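Peer 1: Spelled out from the first residue to the last, the chains are:
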Amino acid sequence: MEFLSWLENTDTVTWIRESTSLLGYTLYLSLHTLGLVFLLGPVVIIALRMTGLVPPIPLAPLRSFFPLMVGGFIVNLASGLVLFSTAPVSFVRNITFLVKLTCVILAAAMLWRFLQYVFRGCDVPDVAIETPRARRLFAVSSALWVVAITAGRLTAYSAYVISRTLGAVTVAFLVAIAAVLIVRALMARRTRDESLPSSLAVSLKGR
Amino acid sequence: MDSALAYWLRWPSIEVFLDTYSWAWPLCEVLHFAGLILLFGAVGTYDLRLLGFGKGIPLSLLKRALPWGVVGFALCAGTGFVFVGGIKSNVGVHPYTVLMTNPWLQLKLLFIALAGVNVLAFYATGMGRVVDALGPQDDVPPLGRVMGAASLMLWLGAIYFGRLIPWAL
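Chains A and B are the protein sequences, given in the same order. Positions 1 to 207 (the working numbering) are the ones given, in order, by the first sequence. Positions 1 to 169 (the working numbering) are the ones given, in order, by the second sequence.
Just so you know, these hints were derived from the structure itself, not from any lab. The model shown is predicted, which means the values in this text are computed figures rather than measured ones. Even for Gly, the Cβ is constructed at its ideal location relative to N, Cα and C. Fair warning: there could be bad hints in the mix.
Chain B stretches covered by chain A per the calculated footprint, using a threshold of three residues with CB under 8 angstroms from any CB of chain A [what the hints assert, rightly or not]: (1) 60 to 69; (2) 74 to 82.
Here are the computed distance ranges between Cβ atoms for each label pair [claimed, not checked]: (3) M153/B - L4/A: 36 to 42 angstroms; (4) T14/A - G126/B: 51 to 57 angstroms; (5) V119/B - T191/A: 24 to 30 angstroms.
Only part of the chain B face toward chain A is listed, based on derived beta-carbon distances under 7 angstroms [unchecked claim]: (6) S22; (7) W23; (8) Y123.
If we strip away everything but chain A, and leave its shape as in the complex, we get (with noise of 0.2 angstroms):
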């Protein structure tokens, strides 16, 4: 706790929390949404190929993305260690802030298990993304990833704000899951039909 205290009164820490310039706060605070949106975006591309949203788009070439993920995390894990510097005495006593941490940690830790089971493990990924292995890493690490995002944005809050909004997230988040599945059904019904020579799906129709 001292060492937390001396930390936040330091010349630099203190430069950075009151400066005005776009060199202080608000530098970490864009390059810690940047970093995040370079290491999730190829996850979202996974997540649209396991959930079949999306057609079969070959894995392995994902591959080169890998850096740029990397790259993303090291951004987050940098510029987010500036930003706890600026008030690490009352963040340290944030509940809504570690279970961000705690999640951002176990979240990073199953997509790693996730990407080295699916691209290194594996001569060919789009077989081995389709074992219960790869999903339940996946769709663990997805979930860790929603709640880190969820009570990172809300660390700001009261705790009341937070026990209210948790409510709203979670019915938004059924309805998201609700209209995946019900895309999902569309578009299979579309395949099964345009895969059908026409005079059967006609008469298919028809029935």
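Assemble the complex: chain A is given as a structure, and chain B must be docked to it using the hints.
Peer 2: Positioned in the frame of chain A, the structure of chain B alone reads:
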């Protein structure tokens, strides 16, 4: 003209909603980020493929993820509209004043508009069809790569300026 814009920008119904439900603003923040990630995941990955990342994925296939980028954009635009239209509830400033005086909001909107122009140019110049016909390992023509780089820079810029907006309110 100014007063019409000022009238149109302020949404008392949104203000009342935000005043009544304390979860509404933070929920929109969470959804804004979800939209951001969806948008950058679909569009950014496509742009990076134009630039030569992920060779082996045909652009005609990666294109199929773009509608989900549009879903992400719709989430961001919808929640962004709530932020601006209902901002009086949060910081007590009229949205018209914010639009006219906040340089970061202005730059963000400009970058989003330019990203829109870039998309239109991509299809209007026929580049969309050209890259669609490319094989999985093919290089994208220089103009297509320039447009991919422009899109990437414009969306990252929009995210950057977006984070600065609260500091000039």
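Peer 1: Next step is simple, just say for each hint if it's right about the structure.
Peer 2: Hint by hint, here is what the structure shows:
Counting residues of the region 60 to 69 of chain B whose beta carbon lies closer than 8 angstroms to any beta carbon of chain A gives 5, which meets the minimum of three for the stated coverage. A count of 0 residues in the region 74 to 82 of chain B with a Cβ less than 8 angstroms from any Cβ of chain A is obtained; the coverage claim is therefore unmet, three being the minimum. The hinted range of 36 to 42 angstroms is satisfied by M153/B and L4/A, whose Cβ atoms lie roughly 38 angstroms apart. Between T14/A and G126/B, the C-beta spacing of about 55 angstroms keeps the proposed range 51 to 57 angstroms intact.
A hinted range of 24 to 30 angstroms for the beta carbons of V119/B and T191/A is consistent with their spacing of about 27 angstroms. For the restraint placing S22/B at the interface with chain A, the shortest Cβ-Cβ distance is roughly 5 angstroms, inside the 7 angstroms limit, so the hint holds. Among the interface hints, the one on W23/B holds; its C-beta lies about 4 angstroms from the nearest C-beta in chain A, closer than the 7 angstroms criterion. Below 7 angstroms, beta-carbon pairs count as interface contacts, and Y123/B has none with chain A, the closest being about 20 angstroms; its hint is therefore violated.
Comparing the model with each earlier hint shows violations of hints 2 and 8; every other hint is respected.
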